[in-house]
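Participant: These are the residues of each chain, in order.
Protein chains: 2
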Amino acid sequence: MVSLTKRVLFEVIPNPPDETTLTLSSTTNKGHYISVRPFVNAEGKEFPFEWAFGGTSDHIELKKINERANSLNFNFKFDTNVKLNVPETHRGVIKTVFKTWDSGLVEETGSVFPWGTEGTEVKFRELWQPVDPTRLEFVELNNEKDVDQAANSIALSVDNEEYEGLVIVVGRWIQGILFKKGVNTLDGINLFRSQIDEKNSIVSLVKFGADADKFPQEVLLNEGSITTSKGLEWSVIESNL
Amino acid sequence: MVSLTKRVLFEVIPNPPDETTLTLSSTTNKGHYISVRPFVNAEGKEFPFEWAFGGTSDHIELKKINERANSLNFNFKFDTNVKLNVPETHRGVIKTVFKTWDSGLVEETGSVFPWGTEGTEVKFRELWQPVDPTRLEFVELNNEKDVDQAANSIALSVDNEEYEGLVIVVGRWIQGILFKKGVNTLDGINLFRSQIDEKNSIVSLVKFGADADKFPQEVLLNEGSITTSKGLEWSVIESNL
Numbered sequence: 050m051v052s053l054t055k056r057v058l059f060e061v062i063p064n065p066p067d068e069t070t071l072t073l074s075s076t077t078n079k080g081h082y083i084s085v086r087p088f089v090n091a092e093g094k095e096f097p098f099e100w101a102f103g104g105t106s107d108h109i110e111l112k113k114i115n116e117r118a119n120s121l122n123f124n125f126k127f128d129t130n131v132k133l134n135v136p137e138t139h140r141g142v143i144k145t146v147f148k149t150w151d152s153g154l155v156e157e158t159g160s161v162f163p164w165g166t167e168g169t170e171v172k173f174r175e176l177w178q179p180v181d182p183t184r185l186e187f188v189e190l191n192n193e194k195d196v197d198q199a200a201n202s203i204a205l206s207v208d209n210e211e212y213e214g215l216v217i218v219v220g221r222w223i224q225g226i227l228f229k230k231g232v233n234t235l236d237g238i239n240l241f242r243s244q245i246d247e248k249n250s251i252v253s254l255v256k257f258g259a260d261a262d263k264f265p266q267e268v269l270l271n272e273g274s275i276t277t278s279k280g281l282e283w284s285v286i287e288s289n290l
Numbered sequence: 050m051v052s053l054t055k056r057v058l059f060e061v062i063p064n065p066p067d068e069t070t071l072t073l074s075s076t077t078n079k080g081h082y083i084s085v086r087p088f089v090n091a092e093g094k095e096f097p098f099e100w101a102f103g104g105t106s107d108h109i110e111l112k113k114i115n116e117r118a119n120s121l122n123f124n125f126k127f128d129t130n131v132k133l134n135v136p137e138t139h140r141g142v143i144k145t146v147f148k149t150w151d152s153g154l155v156e157e158t159g160s161v162f163p164w165g166t167e168g169t170e171v172k173f174r175e176l177w178q179p180v181d182p183t184r185l186e187f188v189e190l191n192n193e194k195d196v197d198q199a200a201n202s203i204a205l206s207v208d209n210e211e212y213e214g215l216v217i218v219v220g221r222w223i224q225g226i227l228f229k230k231g232v233n234t235l236d237g238i239n240l241f242r243s244q245i246d247e248k249n250s251i252v253s254l255v256k257f258g259a260d261a262d263k264f265p266q267e268v269l270l271n272e273g274s275i276t277t278s279k280g281l282e283w284s285v286i287e288s289n290l
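Quick note, the sequences are listed as chains A and B, same order.
The letter at position 238 of the first sequence is residue 287 when you use the working numbering, and the numbering goes up by one with no holes.
The letter at position 18 of the second sequence is residue 67 when you use the working numbering, and the numbering goes up by one with no holes.
For reference, chain A alone in the conformation it holds in the complex (with noise of 0.2 Å):
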């Protein structure tokens, strides 16, 4: 079952919930995830982004507490503040729990450890509308196994001397984060958010980075194939074409 959600809040519990992003996750059908946090108010920010991360299902644990509950533990490949080594942000795994309310809402909670393991702990609440991927506004399910199983499920990836990332595709969505290896400023970060319109066009909402071009031009293909963008090679490791 693929899942695009949006957050609605994030929230450092004690402290008032907010919402400053555009945050959707992206996660298909086999378990890979891609989250980009760009700001909706990005003016004057060299970064416009809270946050993004991925990985592939290897990079992330999920255990059913019950029918509304399941316990999920990331491991991220990638992870915006650690690539830039943003202090007091957390490293390693995070333990969460999601939640679904009658509302079809999705709570998840947790703790990060921004200052290491043997730091103060910090609770954190996020909630999380899902969201039709089929579609190209945002049209609310009610709850998120609603979703259309026919939706497209792809994930490309690469991974070579300069480079490694990932691209998810649910349903019209794409979102992607590519990092140069070595390269732990923003000169090695790219993220980008588009869309698959009705004529099977890409159309892109959000693009960060210098080697932004790189992000492959095509996405709707078969598992195994491979795409060149700008010289770099990308391969499909999952798709349900």
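Honestly, the hints are just simulated from the structure, not real lab data.
Some hints could be false.
For chains that are exact copies, the list does not tell them apart, and a pair is met inside one copy or across any two.
Simulated crosslink set (SDA-like; lysine to any residue; CA at most 20 Å straight-line) [what the hints assert, rightly or not]:
| hint | residue 1 | residue 2 |
| --- | --- | --- |
| 1 | K148 | F88 |
| 2 | K148 | R56 |
| 3 | K113 | L254 |
| 4 | K55 | S250 |
| 5 | K148 | G168 |
| 6 | K132 | T276 |
| 7 | K94 | D151 |
| 8 | K148 | V89 |
| 9 | K172 | L269 |
| 10 | K194 | I245 |
| 11 | K194 | V232 |
Based on the hints, put chain B in the right spot on chain A.
Facilitator: Okay, now just chain B, sitting in the frame of chain A:
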């Protein structure tokens, strides 16, 4: 400007938030309003609503705080808690602040006094997602100001010896409250929520009460006109048709 907002969460501070209802609040151009709050899982509930209330624009006082925030003081004409005399619920004016977040969601904070004005203050938070009232699905608006200026904005009212009621139409969404005067039990309460579909037929979504058939069967009417449903005469007190 009409408004249709879907509640995302309800929080009695400092308890954790939750959302067990599908709550919609509708407000017309002139400021007449209704909020209907049915539980998603109403099994076993004699009254399957958390609450419902409404009023005309003279039952609300709005003051601008800044570009992002307004204070709103509600003094409902219709309030199911008051009608049923539910113990430990608020009476009289409720003072609230509505603040628009960067993401377009609207945070409402305020206090109620369930044990009277001298009793304990209970702080609450609600969070609202503006949705497009001209659509049958829940299509999110980036900002409530993005609403279609031509959307239907209609209010119907009844106040005779036996009944008092209000119906609010914004876009394709209709919500209504009808009280039987002097009957302070569930027998005196009627609530409904409907949609006007593409064929201009009214499709019922929520319908409660012995007199629910008295809600108007036609609502796309001019200001000043009268429509009668099962003997009950409704006056159109606002219409932009």
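Participant: Hints first: check each against the structure and report whether it holds.
Facilitator: Right, here's what the structure says about each hint:
Taking the shortest Cα distances, K148 and F88 sit within 20 Å of each other only across copies (18 Å), while inside one copy they are farther apart (25 Å). Taking the shortest alpha-carbon separations for K148 and R56, both the intra-copy value of 14 Å and the inter-copy value of 18 Å come in at or below 20 Å. In the homo-oligomer, the alpha carbons of K113 and L254 never lie at most 20 Å apart, since the shortest distance is 34 Å inside one protomer and 33 Å across protomers. For a Cα distance limit of 20 Å, the shortest separation of K55 from S250 qualifies neither inside one copy, at 23 Å, nor across copies, at 32 Å.
Taking CA atoms no more than 20 Å apart as the test, K148 paired with G168 passes in neither setting, with 27 Å inside one copy and 34 Å between copies. With identical chains, the CA atoms of K132 and T276 are never at most 20 Å apart, being 26 Å at best within one copy and 66 Å at best between copies. Within a single copy, K94 and D151 get their C-alpha atoms only as close as 38 Å, which misses the 20 Å cut-off; across copies the closest is 15 Å, which meets it. In this homomeric assembly, K148 and V89 come within 20 Å of each other (Cα to Cα) only across copies, at 16 Å, whereas the closest approach inside a single copy is 26 Å.
Taking the shortest alpha-carbon separations for K172 and L269, neither the intra-copy value of 39 Å nor the inter-copy value of 50 Å comes in at or below 20 Å. Proximity of K194 and I245 under a CA criterion of 20 Å is satisfied in neither setting, with 22 Å inside one chain copy and 27 Å between copies. For the identical chains of this complex, K194 and V232 are neighbours neither inside a copy (40 Å) nor across copies (42 Å), given an alpha-carbon limit of 20 Å.
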